[in-house]
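Visitor: Read top to bottom, the protein sequences are chains A and B.
Going by our numbering, 279 is the number at position 279 of the first sequence; the sequence numbering is gapless.
Going by our numbering, 1090 is the number at position 90 of the second sequence; the sequence numbering is gapless.
These are calculated hints, taken from the structure and not from any lab test.
Please note: incorrect hints may appear among the correct ones.
Unchecked claim - These stretches of chain A come out as covered by chain B in the derived footprint (C-beta under 8 Å, 3 or more residues):
id, region
1, 3-9
2, 124-134
3, 279-287
4, 290-296
5, 299-313
Ideal placement from N, C-alpha and C gives every residue a C-beta, glycine not left out.
What follows is the residue order along each chain.
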Amino acid sequence: MYSFSPTEEQQMLLDAIGRYAENDLRPAAREADEETHFPPNIIEKGWEMGVLQASVPDEYFGFGEHSAVTGVLAAEAMAYGDLSGTLAVMVPNLFVLPLLFCGTEEQKQEHIPPVIEAEWKPYTAALMEPKFDFDPNDLATVAEADGEDYVLRGEKAFVPFAAEAEKMIVYANLDGETQGFIVSADGEGVEVGQRQKLLGLNALPLFTVNLESVRVPQRDRLGGPEGHDFAPIIDSSRAALAAMAVGMSKAAFDYAVEYAKDREVFGVKVAQKQAIAFMIAEMGTEIEAIRMLVWEAAWMLDNGQREASKTAYLALTGAANMAMMVTDRAVQILGGHGYIREHPVELWMRNGRGFATFSGLAMV
Amino acid sequence: MIDFSPPKPIKQMNNVVETVAVNMMRPVSRYFDENEHEIPWDFINFMHTAVKSMGGISMAPDEKKEKKKDADKKKKKHPPIGYQRLAHMVEMLSWGDAGMYLCVPGGMLGSAAVSAAGTPEQKKRFLTRFMGDEPVFDAMAMTEPQAGSDTSAIRATADLDEETNEWILNGEKIFVTAGDKALEQSNGFIVVWATIDTDAGRAGMRSFVVEAGTPGCSVTKMEEKLGIRASDTVSIVLQDCRVPYENILGSPTVKKTTKGFKGAMKTFDATRPIIAAQAVGIARATLELLKEELEKNGVTIRYGTPRQKLTNIEREVIDMEVQLRSAWLLTLKALWMADNKIHNPKEASMSKVIGGDVVVKITQKAVALLGPLGYSRDMLLEKWFRDAKITDLYEGTGQINRLVVARHILGYRGSQLR
Ligand SMILES: Cc1cc2nc3c(=O)[nH]c(=O)nc-3n(C[C@H](O)[C@H](O)[C@H](O)COP(=O)(O)OP(=O)(O)OC[C@H]3O[C@@H](n4cnc5c(N)ncnc54)[C@H](O)[C@@H]3O)c2cc1C
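Could you build the full structure based on these sequences and the hints that come with them?
Guide: Have a look at this one:
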């Protein structure tokens, strides 16, 4: 039975996240971008919203059950405040959720509680690689079986908080399949490189990580000796990023709408010009349509629908296009003022382009 | 709780309607495209029986039924799904043939207006005819030669003859969908918009039911069109056309309000997403055919692969799928809101904007992608390309619906953004 309204419980969570996005994330966003650093107390406050904790069952010290729908709703609401901040808050998802989806019982028992119980800590993951046609299903980083161990070799990029991380999941190509390995960040052969300087996401510390023959014992192969299916991980990542694209685009949209209602040109408000009003109508329409697609993808993931993977992929494809369209137009609606860093729209535009590239940077 | 599974009754209905689309529409689709103004009676008669057995269809569900359903709902806790069900039906029939869909008897724009604005007596008088033995049609006549998007510019007049207590209608209406079938081919009716006070602007606009056979009302022209050729689009001239006093929908007194006009707008909250459903049906037919043809020619779409690694054709198809699915979901949301009595004019127009856009883009792209095959009349693709465009024109053009969406977003009145 179709329904487009969140549960009461979800709505309560969304209200809380909405306040956090508005009162904490947004006011900090500009300075964080300039200073390339997000204040840890704000990250901690976001972590205490308990989105991840609520998707982990109590046997691993969480207090709920995983739901991709709740996850995308939360991601959307938080990214309305700031994208870098949201990605930072949700970094531990990158470590915990693959374990929850694919880990052996032992791995879950060992690795999830220390993350879930404590304050926010940078447990992270390394998926992306520095090549133009990076493909999560065809990694250049390789894993080779060597007796009871695996040996990882390759170069990773866009690894959040790698420099201060305790552990990370490293994805590598094992006989043509993308497989995860639990790796200590200070393990032998793990070389965290320079912090990356990017077009956007300046407030999120992202690093290259070089893997020089990193030896991983079999028990730290995600899913144990048999390994795991990669689909749930990449699907979850696509849904999460698509949801954040929606939230961030909504932020740019609302800002541009308010501006257009305020600014006068030729004796009327900017918004009263059809050329602008039509852009606004299309932005609003596209955001809402893609939002439904993201929700559907999440719902399909939760319900094990056959088309779930494809829909998550379509959702991110659509969200990436939509985010670029909306954030570009938001700058356009502010005119020259949109180009000035006093306004947030240029930041959203830089971040907006990233959704076509980001992979594995978020999970729900 | 957010849920994207179609309700069971819709799933069941969808299977039946698909059979109809496959067996009764597609095989004759080309014929009725090439033989404009012929009427697909076999299909119509079949649909008449089928629709009757379903208890009728309407774009504006009967209030009484709704009330009864509301009462049932409290007992059984089934939320209303009337519009969502209609959307699925329209989508599937339009997947079959968008022009033939417009030939389904009973439950077009005329009866929607009666349902929305009529009194219980009027509903009984005008709507029961759809349940008779013969198929009956209805239509809505707003547009005039000088008044399309700007409906406030209509010139048709209605004057009350106090002696006979009749309204006298005068004027010319154009582009009336199914006007011929309503007036000439069945005992149907049209709903005519006219002004009862030429100085009052929109406040003076009212709608009147004109039944088939009423003297002074005649069909004067059948248009020849780019697409949806199975559906008749006619001009109607009203010359001292007299209808009983009771045929006015809504209040006969002119107050300084635009209530009558708002009544027309209210039906848009359902009819616009229904047009979007029509658009989605054509777009889905197109995309399915495109993918089939590509597959036959050894092209498979590698979903999940980064765009940098895809061919242009793959990227085009993937983008079409995004557009189609997101447009459909927004349409469903708009109608889910209507079913649940949530104020939805913004979403209704949004779905119309995106539906019209998406089907036009998809059909245009698909014809080009299939090259000489796409351009040929051997396939229905070129027909769908022609059919598609209407969804961006009627029930408010893409521009008019953008204006509506923008006004709702900005909180503007019509005078602030025109
Ligand atoms: C096949 C068919 C079936 C139809 N069926 C019916 C029917 O059953 N009943 C009925 O009453 N009508 C019907 N119509 C009429 C249809 O609703 C109108 O054609 C439509 O509303 C547009 O009006 P118009 O053709 O006069 O264009 P115009 O109003 O002259 O518009 C011309 C162009 O200007 C644009 N425009 C107009 N106003 C604005 C504005 N304020 N801002 C920006 N752009 C603007 C329009 O979008 C369009 O691009 C039908 C039309 C067709 C083709």
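Visitor: Now look at each hint and say whether the structure bears it out.
Guide: A quick look at each hint next to the structure:
{"no.": "1", "hint": "3-9", "result": "holds (count 5)"}
{"no.": "2", "hint": "124-134", "result": "holds (count 3)"}
{"no.": "3", "hint": "279-287", "result": "holds (count 6)"}
{"no.": "4", "hint": "290-296", "result": "holds (count 5)"}
{"no.": "5", "hint": "299-313", "result": "holds (count 7)"}
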